[in-house]
Amino acid sequence: MKVGVIVFPGSNADVDMRYAVEDIMAVPVDYVWHSTTDLSGYDVILLPGGFSYGDYLRCGAVARFSPVMEQVVKAAAEGKLVMGVCNGFQILLEAGLLPGAMLRNKTLKYRCKLSRLRVVNNETPFTRDYAAGEVIDIPIAHGEGNYYCDEATLAKLKANNQIVFRYEGENPNGSIDDIAGICNERGNVLGMMPHPERAVHTWMTSDDGKRVFTSILHTWREKNGVTAQA
Amino acid sequence: MYKAIVFVTLRESVLDPQGNAVKEALHTLGYDEVNEVRIGKYMEVALDTADRSQAEERVKEMCEKLLANTVIEDYRFEIVEG
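Line order of the protein sequences matches chains R and F.
Number 99 in the numbering used here belongs to position 99 of the first sequence; there are no gaps in the numbering.
In the numbering used here, each residue carries its 1-based index in the second sequence increased by 1000.
Isolated chain R, as found in the complex (with noise of 0.2 angstroms):
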């Protein structure tokens, strides 16, 4: 198994990425620049956050035209695992691989704080190894992660099951329905604002974010017959 870290001018999760993927999966990942038009070779995308292009006209709007975003699309509609975590999220959002927007914070403020949680969804392979409707921390660090979306793809998220995450308490960006991650119907694409690779050591304050990350390794072993191995 071997995971992508796609890499955008202006990324700077990229780094955490990587070494949570190291320290919790311990399978090979690379650095992926947003130039390749290859991504054959990757079992599992990632799109760290940041601010991909300066974030200029809006979070993402540029960075959905890079090269290596059709073969994301690809990679997507072949059924590997894509996650975007912050500005990863507002890309899937602007490359259409997942539906609705980003509006700025309701506040108006950047928050930069430990977020709570629920995990509403538990069956997506991002979310196996945490219980039903457990509570988490996990944190946040974004000024645009009020995520907005009509009354009828609100309606169809719910019935699909695609709100993977709730705010629990306070909602920090005024999302619709305390939305804080949601996922594509088919399940293998997901979008979440809080920032599960920056909690995966006691010493980070939470290591609630690792089974994100130990999900997404369950699942590709049991997708490919792999035991796991000591």
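Warning: the hint list may mix true and false statements.
Said to hold, decoys possible - Keeping only pairs whose Cα atoms sit at most 35 angstroms apart, straight-line, the calculated DSBU-like set for lysine-lysine is: (1) R:Lys156 - F:Lys1041; (2) R:Lys109 - F:Lys1065; (3) F:Lys1023 - R:Lys106; (4) R:Lys106 - R:Lys158; (5) R:Lys109 - F:Lys1060; (6) F:Lys1065 - R:Lys158; (7) F:Lys1023 - R:Lys113; (8) F:Lys1041 - R:Lys109; (9) F:Lys1060 - R:Lys158; (10) R:Lys156 - R:Lys74; (11) F:Lys1060 - R:Lys156; (12) F:Lys1060 - F:Lys1003; (13) F:Lys1065 - R:Lys80; (14) F:Lys1041 - R:Lys74; (15) F:Lys1065 - R:Lys106.
By construction, these hints were calculated from the structure, which means they are not laboratory data.
Starting from the known structure of chain R, fit chain F onto it as the hints suggest.
For chain F alone, coordinates are given in the frame of chain R:
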């Protein structure tokens, strides 16, 4: 040569937190008649073309593809002699 003047604003149905903050500021300054403020983007796009209808068609495409996110934004534009 033409120039496209493009305006992008949040859709009416979408809350505009920046606009609200500015409205509150205007109220604080005593401009009580202000009912609503909507903040948007203004873009000038210089075009290397002599064909006006083609310019209109392509600018519309640019708006749909990149300049506006139609999930949350509306756009309008004018083509002027540049």
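- Query: For which of the previously enumerated hints does the structure constitute a violation, in increasing order of number?
  - Reply: No numbers; nothing is violated.
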